[in-house]
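Assemble the complex: chain W is given as a structure, and chain V must be docked to it using the hints.
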Amino acid sequence: MVAVVESRAEVTGTELSIRNVTKQFNIKGKSTPVIKDISLEVRAGEFVCIVGPSGCGKSTLLNLVAGLEHPEEGAIWEAKEQIQGPSRDRLMMFQDAALFPWLDVLGNVMFSLKLAPQIPKEKRIELAVRYLRMVGLGRFRRSFVHELSGGMKQRVALARALAADPSILLMDEPFAALDAMTREQLYFDLQHIWMSQKKTVLLVTHNIREAVCLGDRVVLMTGSPGIIKDQFEIDMPRPRDINSVSLAQTATNITHALKGAPAVFQGI
Amino acid sequence: MNMRRITVSLLFFLVLLGGWEALVRFEIIDEFLFPAPTQILSYLIGALKDRSLIFASGITLKRLMMGYAVGLICGLPLGMLCARFKALDDTLGLLALGFQTLPSVCWVPLALLWFGQSEGAMLFVVIMGCLWSVLLAAKHGVEHVPPLFHRVASTMGSSGLHQALFVTLPAALPGILGGMKQGWAFAWRSLMAAEIYVTILTGFGLGHLLHYGRELHAMDQVFGVMLVIMLCGYLVDRVVFSPAERYLHRRWGTAA
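As you go down the protein sequences, you meet chains W and V in turn. Per this note's numbering, residue 1 is the first one in the first sequence, and the count goes up by one each step. Per this note's numbering, residue 1 is the first one in the second sequence, and the count goes up by one each step.
If you are wondering where the hints come from, they were derived from the structure by calculation, not from laboratory data. Some clues are possibly wrong.
[To be verified] Cross-link-like lysine-lysine pairs, in silico, DSBU-like; alpha carbons within 30 Å at most:
(1) V/K62 / V/K181
(2) V/K86 / W/K30
(3) W/K80 / W/K229
(4) W/K28 / V/K86
From a predicted model like this one, the values you see are computed outputs, not experimental measurements.
This is chain V alone, in the form it adopts within the complex:
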C-alpha cells in the first residue's frame, strides 16, 4: 500500500472516531446507549488488566480451532471423494447441500439436548457450521480441475493415489482455499451465535462476555467485545488467508 492510500484510510478512521467522541461528549447521543470510543478503550484496557478478555478470547479461539480443524479434516477428503464417486455425491453431497442451507444456530437446541451445556455442544455447533461448506467447496474445487491435467498425468504414468495427491489436490487448491475461508467465516459466526445463546459452565467465551454486557447493561463492554470479535476475524484473514491467496494468485498468474 502506498502512502496516499494509508493516509486516506487513517484520515477516515480519525474523522469517524473523532466525530463519534464529539457527539457523545456534547451529549447529542446518549452515552448510556452509545458510549464514546475513549470509554470503550478504557473498558478494553481494564478487561485486559483483569485478564477477563484474554481468558474469554482464549476459550473462544480454542473452541473455534478445534471445531474448524475437525471440519477441515472431515470436509476436505469427503468433498474430494464426492467429486470422484458419483454415488457418494448423490447421497452425502445432497445431504451436505441441505445442511449447508441450514443456519448453524438452528443446531443449538439439538446440541443442548444431546450434549447438555458442555464443550461438546459448542464443538458440535461449530463443526456443523463449517463442515458442509468446506465439503462442498472441496468438491467444487476438484470438479473444476481441467480434465486435461488428469489426461496428461495419466500418460506420464500417474494414477490412483499418486494422481489424487500430486495432481488433483494441488490443482484444486484455489477452490479448496476458498472453501477453507468460507468454512472459517461460518465457524466463527456459528460459535458466536452459540456462545451468545447458551451459557456453558465450562468456560466463558467472547460471546458470553457480550451476553453479560447486555445483561448488566454495560454498553462499553458490548462495544468493546464486538470490536475484539471483529479484530480476531480481520487478523486471521490478514495473517492466514490473504497471504495464501496472494501466493496462489502469483503461482497461477491470476493476480491483477
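So here's chain W without its partners, still in its complex pose:
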C-alpha cells in the first residue's frame, strides 16, 4: 500500500502563517466572534492537529485557511502570499467524502487532476490509478460511488486530494463519521502515506487520541470565542498505534489540560 511519491513540499521554512485572525458570525442580528485573535505558524511538511470541543471555531479556522471564508481582522499567509480565496494549493477534505455520484471512482480522482495545470494530460490517468492503489482501491476504479462503504469513500477522497499534490492538505474531521475499526486502519494508512510524502497537513478533530496519533503538534482550542489555549509537540516515533499505552497517556494529559486540571501523567 505504501508507495514513494515525489512531492513538491520542501521540508524547510514556514508554509502557513495565521496572524491575529478574528472571525465573526451574525447570530440573531448580533455579530458574535467565533474565533478571536488566533495566531499559528505551520512549518512545511508538518502535521498539525487542531483539537477542541464542538463550537470552539476549529472548523471555521480551517475554512479560513481554505479561503472558503474571510477573516474580519488579521490575515493568513501561505508561503509569501496572502490568502484571498479558495485555491487548489490548499485542498480540503470534509467529514463527508463528498464524492460526485455522476462520476465513477476514477472519474472523481481525475476531477482534481484535471484542475491541476502542472500535470500533463497523458499522465493524469496513470497518476489517478497510482493514488487509488496507494489508498488500496486500485481494483475499484470503475465502481459507482454509492457502491463503496463509508471508509472506502473517504479513501477515494484522500486519493483525490493527494493526487492533485496541494501544498497544504486541510482535513476537517475526516474520520468522524467512520466506525472504529475502519478509522484505525485509516490512521495507519494515513501515517504511512504521510511518511512517504511529508505533506503539510492541518487536521481538525475533537478526538484527542486521534490528534496525538497523527500529529507532530497538537494545538488545543477552546471556545467561545475560539482561542488557542495550548500547544503540545508530540515526539513519538511513527507509525503510532492509537491503542498504545504511551499514546493514551499523552492524550489523557492533554485532556486534563483542556479541562484546566493539572496533568496526571508525567512525560509530555
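The following block gives chain V in isolation, referenced to the frame of chain W:
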C-alpha cells in the same frame, strides 16, 4: 419484468377488450356512442392506409418538438441562473411561478389575436405550457445540490463557469430530468388543447383529427385518435424518460 407479471398484464387487457367487444356486439351499449375495439382498429388501419393519421401525427410531433426544444433551451439556463442570482429569482422566478399556475389553454385566445390561425400560435401555446415548469424545476434542481459539492469543488480549484458546468449541472440532473418530464407532459397537454380548440389552416394535427371526429360524429375516429395520443405519450416515456431515470438511479444509488 418476469413472465408472471407479463401474463397478468396481458390477461387484464384481453379481458377488458373482450368484455368491451362483447358488450357492443350484444348491443348492451350503443355502438354509435361507444364503438367496439374491432371498429376502432379498422378505423386505425384505414387512417394508416390513407395516411391521414401519419400526417397528423407528424404535424403534431413537429409542433411539439419545436415548442419543447425552445422551452428547454430557454427554461434550463434561466432556471439555473434564477437559482444562482437572487435578483433574477425575485423577478423572473416569481413571474414563472405565476405563469405556471395558469393552465396553458388560457393562452390560446391571446395567441390567436397575436399570431392569427398560424403555426406561431401553436408554438406559442406549447412554449408557454412547458417553459415555466422547466424553468422552476431547473431552479429547484440547482437549489437542492448539496452545498458541500460546491465547497469541495472550490478547494480543488474549480470556480465560475467550470463549476457551473461540471459540478452544478450534473449534480442537479435528477431534478432537471424531473422538470424535463413535467415540461414534456405540459407541452403535450397544451398542444392537444390548442389543436382541439383552434383550427389552424397550415396543418391538421392529431387534435384536429379528434375535433373533426366529433363534428362528423365518427366515434371510431375519436376513440382511435385518443388511443394514438395515449400511445405517443407512453412511447416517449418508455423510450426517453424511463431509461434516463433508470440510469440516474443506478448512478446515484437511489434505485429500489
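- Is V/K86 close enough to W/K30, meaning Cα to Cα at most 30 Å? holds, 24 Å
- Task: Mind checking the alpha carbons of W/K28 and V/K86 for me, to see if they're no more than 30 Å apart?
- Result: Distance ~22 Å between W/K28 and V/K86 Cα, so the pair holds.
- For the pair supplied as a hint, V/K62 and V/K181, is the alpha-carbon distance within the 30 Å limit? holds, 18 Å
- 30 Å limit on alpha-carbon distance, applied to hinted pair W/K80 and W/K229: It holds: about 27 Å lies between the C-alpha atoms, which stays within 30 Å.
In this structure, every one of the numbered hints holds.
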